[in-house]
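Student: Residue-level listing of the chains:
2 protein chains.
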Amino acid sequence: MKKTFLKNKKKIQFLIIGLGLIGGSIAKRLSKNGFEVLAIEKNKSHLNYAKKSKIIIGSSEKIDSTKKLFVIVALAPKVILSNFDKYLDFFYKADFITDCTSVKKSLLNKIKKNKLEAKFILSHPIAGSEKSGFLNSSEDLFKDKISIISKHKGLTIPTLQKCKEFWFELGSKTHNLNPKLHDKIFSLTSHLPHIIAFSLIALFSKRKASEYKKFIGGGLKDFTRIAESDPQMWENIFSLNKKNILKDIKDIEKELDKIKNFILKDEGNKLEAHLKKIKKTKESLNR
Amino acid sequence: MKKTFLKNKKKIQFLIIGLGLIGGSIAKRLSKNGFEVLAIEKNKSHLNYAKKSKIIIGSSEKIDSTKKLFVIVALAPKVILSNFDKYLDFFYKADFITDCTSVKKSLLNKIKKNKLEAKFILSHPIAGSEKSGFLNSSEDLFKDKISIISKHKGLTIPTLQKCKEFWFELGSKTHNLNPKLHDKIFSLTSHLPHIIAFSLIALFSKRKASEYKKFIGGGLKDFTRIAESDPQMWENIFSLNKKNILKDIKDIEKELDKIKNFILKDEGNKLEAHLKKIKKTKESLNR
Numbered sequence: 001m002k003k004t005f006l007k008n009k010k011k012i013q014f015l016i017i018g019l020g021l022i023g024g025s026i027a028k029r030l031s032k033n034g035f036e037v038l039a040i041e042k043n044k045s046h047l048n049y050a051k052k053s054k055i056i057i058g059s060s061e062k063i064d065s066t067k068k069l070f071v072i073v074a075l076a077p078k079v080i081l082s083n084f085d086k087y088l089d090f091f092y093k094a095d096f097i098t099d100c101t102s103v104k105k106s107l108l109n110k111i112k113k114n115k116l117e118a119k120f121i122l123s124h125p126i127a128g129s130e131k132s133g134f135l136n137s138s139e140d141l142f143k144d145k146i147s148i149i150s151k152h153k154g155l156t157i158p159t160l161q162k163c164k165e166f167w168f169e170l171g172s173k174t175h176n177l178n179p180k181l182h183d184k185i186f187s188l189t190s191h192l193p194h195i196i197a198f199s200l201i202a203l204f205s206k207r208k209a210s211e212y213k214k215f216i217g218g219g220l221k222d223f224t225r226i227a228e229s230d231p232q233m234w235e236n237i238f239s240l241n242k243k244n245i246l247k248d249i250k251d252i253e254k255e256l257d258k259i260k261n262f263i264l265k266d267e268g269n270k271l272e273a274h275l276k277k278i279k280k281t282k283e284s285l286n287r
Numbered sequence: 001m002k003k004t005f006l007k008n009k010k011k012i013q014f015l016i017i018g019l020g021l022i023g024g025s026i027a028k029r030l031s032k033n034g035f036e037v038l039a040i041e042k043n044k045s046h047l048n049y050a051k052k053s054k055i056i057i058g059s060s061e062k063i064d065s066t067k068k069l070f071v072i073v074a075l076a077p078k079v080i081l082s083n084f085d086k087y088l089d090f091f092y093k094a095d096f097i098t099d100c101t102s103v104k105k106s107l108l109n110k111i112k113k114n115k116l117e118a119k120f121i122l123s124h125p126i127a128g129s130e131k132s133g134f135l136n137s138s139e140d141l142f143k144d145k146i147s148i149i150s151k152h153k154g155l156t157i158p159t160l161q162k163c164k165e166f167w168f169e170l171g172s173k174t175h176n177l178n179p180k181l182h183d184k185i186f187s188l189t190s191h192l193p194h195i196i197a198f199s200l201i202a203l204f205s206k207r208k209a210s211e212y213k214k215f216i217g218g219g220l221k222d223f224t225r226i227a228e229s230d231p232q233m234w235e236n237i238f239s240l241n242k243k244n245i246l247k248d249i250k251d252i253e254k255e256l257d258k259i260k261n262f263i264l265k266d267e268g269n270k271l272e273a274h275l276k277k278i279k280k281t282k283e284s285l286n287r
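Chains A and B are the protein sequences, given in the same order.
Going by the working numbering, 111 is the number at position 111 of the first sequence; the sequence numbering is gapless.
Going by the working numbering, 246 is the number at position 246 of the second sequence; the sequence numbering is gapless.
Hint data in this document are derived by calculation from the structure and do not stem from the laboratory.
Just so you know, these numbers come straight off a predicted model, no measurement behind them.
Honestly, I wouldn't trust all of these hints.
To be verified - From chain A, some residues computed to sit far from chain B (all C-beta separations above 12 angstroms):
#, residue
1, Asn43
2, Ser45
3, Asn48
4, Lys51
5, Ser65
6, Ser138
7, Asp140
8, Ile195
9, Trp234
10, Lys243
11, Lys280
Claimed, not checked - Cross-link-like lysine-lysine pairs, in silico, DSBU-like; alpha carbons within 30 angstroms at most:
#, chain 1, residue 1, chain 2, residue 2
12, A, Lys206, B, Lys213
13, A, Lys280, B, Lys206
14, B, Lys243, A, Lys243
15, A, Lys151, B, Lys213
16, B, Lys250, A, Lys213
17, A, Lys258, B, Lys265
The beta carbon of each residue, even a glycine, is placed where N, CA and C say it ideally should be.
Required output: the full structure, derived from the provided sequences and hints.
Tutor: Here it is as structure tokens:
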């Protein structure tokens, strides 16, 4: 990718709000690539560690108004919303702003309300992990991953270009997906599987764990790995993507009921035909 | 493991009934280890291929009555039940018989009815895969895996010892688990996750697949990998483990409803506390 906006590293400062898994990984990669990185983080020991190890040069006191300010908000979805006003000064000063969250609609409303739609663009790196927090962050987290860019009305073309260059700088490819469709698609492909994994482990905890523990093979371990994900972030996502998720839970229960009824009524042939059709769908998804 | 019954390879013949993923893998490993292997398989091209490539020396016509006959039934659970009488002659001739299935109760009833409980032992290698059939079989399928041995009343100690030696010969460790508990535990740890994966893909097929396909990340791919598993085998398992599975589907729906209600009522704090508790349970399962 030909760089326009990120070409002259000396003229840019990045301000990362939130040094968790995502923010920490962004800061590590950007500083490694030779950018000046600042960060806001309430955990002072993480912030100091980041300073000492030259991942960042400081916090907001180091903002240099002669340089372009690129703000990356890497907070949990509800935390962004409830602290939006606190960061407004930085947003107004900024040349470019993006987030990293898995729910778009409510944040877009905030952006519009504050007339930031020209320079605040929604993006979402598909690079999460059940491991959360700064201590698990890595400069290579985004390498060869996809980041979703959700365009909205009022966005300027330079903002879009900056966003593409930003994720490219971190090693990712980008895909476009409008905010509404983003929330609908990720409800099914990511949020619902998390709800299922959490529910499966909740069910486990009601049985005699000692009996079951030995027999949790590789399959189920993979299946429930995501139940170790950050509870606060996922509560935020589930709550903010309420409409889509409630529909998806209802729909998956319908599918479970379908199989349940075949079993209940001893309709083995119908059940086998149903599973065959599903296997074909799955195989077509792999292509 | 000190071998008693499998020590003298010249005095034993293995008869594998069903050359699918499991039966094929058993035949490959045993012949490689220097045992004489026979097989019964309705797919003639697979049977001929196995003969030509010296995996087996022939079918039931090659049974040598001067040798001990070890019968391994590697058929889908319902197929064993409906063909049990057809294979009774071999079972009566046999010195040792085991199965490889994921449901135990109904087969145990058949064994008792036919007074085979002294030499027919239930076992279940935890080595399945979403890849099925002889063409996917491998001599190393059971290496470092666990095989469950389900002891029942009337079993002789030599039969148990033969079963342990048999799985050890294939590279597996063994665990004991009584048939009733086996079916209860595998309902939750294996059968239910398969039902969920099948249901998720069924739900996918109701949405515009083209929209979703690009965004099925690594996580969901892992999550639904098992929806490619053999439909016939899984219908058999679901139907035969009816009672346990119906309870588990009901229970997972209760857990889904719990999260659904927190979201519906905007009870974010309760939801986060619930997810935190689950995360802790999951982490304790890893230990």
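Student: Each of the hints needs a verdict: does it hold here or not?
Tutor: Evaluation of the provided hints:
{"no.": "1", "hint": "Asn43", "in the structure": "18 angstroms, holds"}
{"no.": "2", "hint": "Ser45", "in the structure": "22 angstroms, holds"}
{"no.": "3", "hint": "Asn48", "in the structure": "27 angstroms, holds"}
{"no.": "4", "hint": "Lys51", "in the structure": "30 angstroms, holds"}
{"no.": "5", "hint": "Ser65", "in the structure": "38 angstroms, holds"}
{"no.": "6", "hint": "Ser138", "in the structure": "16 angstroms, holds"}
{"no.": "7", "hint": "Asp140", "in the structure": "15 angstroms, holds"}
{"no.": "8", "hint": "Ile195", "in the structure": "5 angstroms, violated"}
{"no.": "9", "hint": "Trp234", "in the structure": "6 angstroms, violated"}
{"no.": "10", "hint": "Lys243", "in the structure": "10 angstroms, violated"}
{"no.": "11", "hint": "Lys280", "in the structure": "9 angstroms, violated"}
{"no.": "12", "hint": "Lys206/A <-> Lys213/B", "in the structure": "35 angstroms, violated"}
{"no.": "13", "hint": "Lys280/A <-> Lys206/B", "in the structure": "14 angstroms, holds"}
{"no.": "14", "hint": "Lys243/B <-> Lys243/A", "in the structure": "34 angstroms, violated"}
{"no.": "15", "hint": "Lys151/A <-> Lys213/B", "in the structure": "20 angstroms, holds"}
{"no.": "16", "hint": "Lys250/B <-> Lys213/A", "in the structure": "21 angstroms, holds"}
{"no.": "17", "hint": "Lys258/A <-> Lys265/B", "in the structure": "27 angstroms, holds"}
Of the numbered hints given earlier, the model fails hints 8, 9, 10, 11, 12 and 14; all others are met.
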